[in-house]
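Based on the sequences and whatever the hints tell you, model everything.
For the protein sequence lines, the chains are A and B, in the order given. The numbering of the first sequence is our numbering, which starts it at 1 and goes up by one. The numbering of the second sequence is our numbering, which starts it at 1 and goes up by one.
If you are wondering where the hints come from, they were derived from the structure by calculation, not from laboratory data. Glycine is no exception: its CB is placed at the ideal position from the N, C-alpha and C atoms. Hints should not be assumed to be uniformly reliable.
Listing some non-contacts, in silico: residues in chain B with all C-beta distances to chain A over 12 Å [stated by the list, open to error]:
no., residue
1, R61
2, I91
3, I105
4, K234
5, F263
6, I275
7, I299
Simulated DEER-style distance windows between Cβ atoms [claimed, not checked]:
no., chain 1, residue 1, chain 2, residue 2, range
8, B, A295, A, M81, 49 to 57 Å
9, A, Y406, B, I125, 22 to 30 Å
10, A, E50, B, L30, 37 to 45 Å
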Amino acid sequence: MKRAAKMLLLAGIILSLFVGPVFAGGSSESSSSDGKIVIEVWSEDRHDMEYVESKVAEYNATNTDNIQINLTIISDNFRNMLQMAYSGGTAPDVAGINAIPINMLADTGIAMPLNDFIAESPEYQKVNDPYNQIYEGTNAKNGNIYWIPTGMRSGVRVIYNKDLLEQCGYTEIPKTLEGYIDMAKDITEQGNSRFYGIGFTNASPFERLLEMVAEMSGIYYYDYVNGRFDFSGYKPVIELGRRFFTENIAYPDQQGVDNMRALFSVGMFALWSNASQEAAVFTEQIPVQGFEWGVAELPTLTGEVTGALETTPSKGWGIISSTDHPEEAWKVIEFFQSEDFLKGYLEAGYCLPSTDYMASVIDSSKTGRLADFALKPYETVYPKPPAVNLSGDDYRTVFWNAVMGYVDIDTAINDLNTRYNEALDADVASGSATRLVIKDYDPLHPDQGTPEYLTE
Amino acid sequence: MNNKAPRMVKKEDKKDRIAAILMLSPVVFLLLICSIYPFIWMFRYVCYDYNGFNATFTGTRNFTRMIADTTFWTSVGHTFEYALYKLVFIIPLALICAVLLNQKIKGTSVFRAVYFMPTVISSSISGMIFTFIFATQNGILNGMLMALGMDAPIPWLTSPDYVMSAVTVLAVWGGFGNYMLYFITGMNVISEDVYEAAKIDGANGVQTFFKITLPMLSPILKVVLMLAITGAFKDYEAIMVLTQGGPGNRSMVMFLYIYNMIFGSGLTNMTQPQIGYGALLSVVAAIIVGIVTIAYQRIARKLDDVM
Chain A
1 MKRAAKMLLL AGIILSLFVG PVFAGGSSES SSSDGKIVIE VWSEDRHDME
51 YVESKVAEYN ATNTDNIQIN LTIISDNFRN MLQMAYSGGT APDVAGINAI
101 PINMLADTGI AMPLNDFIAE SPEYQKVNDP YNQIYEGTNA KNGNIYWIPT
151 GMRSGVRVIY NKDLLEQCGY TEIPKTLEGY IDMAKDITEQ GNSRFYGIGF
201 TNASPFERLL EMVAEMSGIY YYDYVNGRFD FSGYKPVIEL GRRFFTENIA
251 YPDQQGVDNM RALFSVGMFA LWSNASQEAA VFTEQIPVQG FEWGVAELPT
301 LTGEVTGALE TTPSKGWGII SSTDHPEEAW KVIEFFQSED FLKGYLEAGY
351 CLPSTDYMAS VIDSSKTGRL ADFALKPYET VYPKPPAVNL SGDDYRTVFW
401 NAVMGYVDID TAINDLNTRY NEALDADVAS GSATRLVIKD YDPLHPDQGT
451 PEYLTE
Chain B
1 MNNKAPRMVK KEDKKDRIAA ILMLSPVVFL LLICSIYPFI WMFRYVCYDY
51 NGFNATFTGT RNFTRMIADT TFWTSVGHTF EYALYKLVFI IPLALICAVL
101 LNQKIKGTSV FRAVYFMPTV ISSSISGMIF TFIFATQNGI LNGMLMALGM
151 DAPIPWLTSP DYVMSAVTVL AVWGGFGNYM LYFITGMNVI SEDVYEAAKI
201 DGANGVQTFF KITLPMLSPI LKVVLMLAIT GAFKDYEAIM VLTQGGPGNR
251 SMVMFLYIYN MIFGSGLTNM TQPQIGYGAL LSVVAAIIVG IVTIAYQRIA
301 RKLDDVM
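Below, the structure written as structure tokens:
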């Protein structure tokens, strides 16, 4: 009997050791020990952490609303972490949700519409100009606003080694894609393996040059007028893009983004292309060594800009619907989107201002090389085409395979048209997506049409 | 007396059974919550479109998609190819190193530690290290080959012709130290008397290896082979860092494709997570690995009968 009791005790201890941690964790506290209301805030941005943390500390010490912000940075798997936390009842009160697709915020009710809060906050309206920053399918759906951007990332630009270009007899970037490729070829030939005309990364390379050249040439992958995917317009761009590899123009390796940036920064190739984040990269993270670098507009097929270049609204805050303190959560958003907070943020060069008001308030001489990436009149936010459940590779992967010559261009276009439209039709039929149609779509002003969401 | 004895035995049996149940219960509990429950959780989504937030019932659509998904089936083919290359090199290499390092020579423990080291390095870190080694223009490997007289650098990671070689080298480097230790442990169990008897009979080193070491290692060899097969079919982390499945999907293995489906393609950020479809592909992948393992076990059993 004694032996059995001992065994029972032992087994109980072992079991409790295993079971204990499973059920441990506890509920999230919404009040701090000094009686303040704690607002949990999640952000996925690590690059601006130093500035945001210092402002949060200042706010926690000085605010008169009895609020304490508890900031958590989750830079990996943010979307899944938020979803799991929401399902498990441990979601934050406020989160940086600009990178989460709208269907995951609106259709699920995870994020709370901000319309009423915005309407009652004149200061927020003055600084953030919310009613001119509604991008259907990106931060708003069916009249509900879920977040307002506080900044913009520019569209893609050509970033070039001025010294290398001059050495090879060039002073400016050609307006046409063909001219651009010819110049890159000439530089590679003059470099004779010491330096090259252009470099590409292996991380989404199609998006960093050719896709944006196509956009500015009026080519897009979604036919808004008919509500279908249509990839046929990309053929001439891909045919020209192939020259980078068939004529051995490009640097002979495609490594990770930072590796390629490092190679550019030591003058291994003359042409690189990316958006406004490169301003901070080439001045702080991987400083350019020993040469002048310039920023120029992308070339197009004909030399004329006939389509809008895509920009990305960034740093938008939303309220998670499970919060017990929506009023306090809104006050925290007002703080993050206040003039004081944003002035320092934008002057530190973390992103471009998204409103005329903030552009007029900041001292642009403090933003460093970010000023070179100032938004162009033809840059805008595209209405988001439907997110579909696609089998196989996405178009950026397939098109880069076509550029590299792994797949025939016509085969790639037919394959994409078939797979994307089959997925769209099936998703619309099952109700997991809606078909976006903009009858009055204008490729130079894609954000100014009237969107309709069809269920068939 | 006669009646009492069986009753005592029965009582003891009952006690033992209770003890066994109590001792096993934590493990069974863990198995249920860490293995069985996640599998059931995943399995329920095979008929859904599920992006982590919204689940929409789609009936058999995921099944028809899977059948027509050429990228998936190509990745299955690449997985078999990768597993074959890996096994062909890793087992003989581990065995040879084990035999060499099982000699009573000074310094063998240092080599054992060195060869085992890659096993404890994170596969994503080793993938990162090998991107520098295999870089075309400024890579260490091409630098050495050019110094030896090669004309042009080899595009290890950007050519579909060479990428599988690069991936295999990384896999062998990262795994053979582990299998080598299994073999060394197995060899230590073989009695010295057997080797001495062979010596007296005049057997040379090669004969001793093939007639004594290898047959007596066969139980370990079977376990190592099974681990190597299942491991090779499940590898994807290092490939993800080294090549992301490219170029042109040439190194796309099935679990990397499934990862991309479930978490969304991290590279282009263009696809949404497809947990339902990914769950179905995971089940199919598990069945494929299961079939291969069963086939191997049957072959191994038949080989036992022959031997």
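**OP:** Please settle this one: R61 of chain B was flagged as non-interface, so is its CB more than 12 Å from every CB on chain A?
**Re:** Non-interface label on R61 of chain B violated, nearest chain A Cβ at 6 Å vs cutoff 12 Å.
Subject >> I105 of chain B and chain A, when compared Cβ to Cβ, separated by more than 12 Å >> reply: 41 Å, holds
Original post:
Taking the CB of A295 of chain B and the CB of M81 of chain A, does the distance hold inside 49 to 57 Å?
Top reply: 40 Å, violated
Original post:
Holds or violated: is the Cβ of I275 of chain B farther than 12 Å from all Cβ atoms of chain A?
Top reply: 10 Å, violated
Original post:
Taking the beta carbons of Y406 of chain A and I125 of chain B, is their distance inside 22 to 30 Å?
Top reply: With a Cβ separation near 29 Å, Y406 of chain A and I125 of chain B satisfy 22 to 30 Å, so the hint holds.
Original post:
Was F263 of chain B rightly flagged as not at the interface, with every chain A Cβ beyond 12 Å?
Top reply: Not fine: 7 Å to the nearest Cβ puts F263 of chain B too close to chain A.
Original post:
K234 of chain B: least C-beta distance to chain A exceeds 12 Å?
Top reply: 21 Å, holds
Original post:
Should the hint that E50 of chain A and L30 of chain B are 37 to 45 Å apart at their CB atoms be regarded as holding?
Top reply: 42 Å, holds
Original post:
Hey, does I91 of chain B actually stay past 12 Å from chain A on C-beta?
Top reply: I91 of chain B is indeed farther than 12 Å from all Cβ atoms of chain A, at 32 Å.
Original post:
Taking the minimum C-beta separation from I299 of chain B to chain A, is that value above 12 Å?
Top reply: 34 Å, holds
In summary, the structure is inconsistent with hints 1, 5, 6, 8 from the numbered list given earlier, while agreeing with the others.
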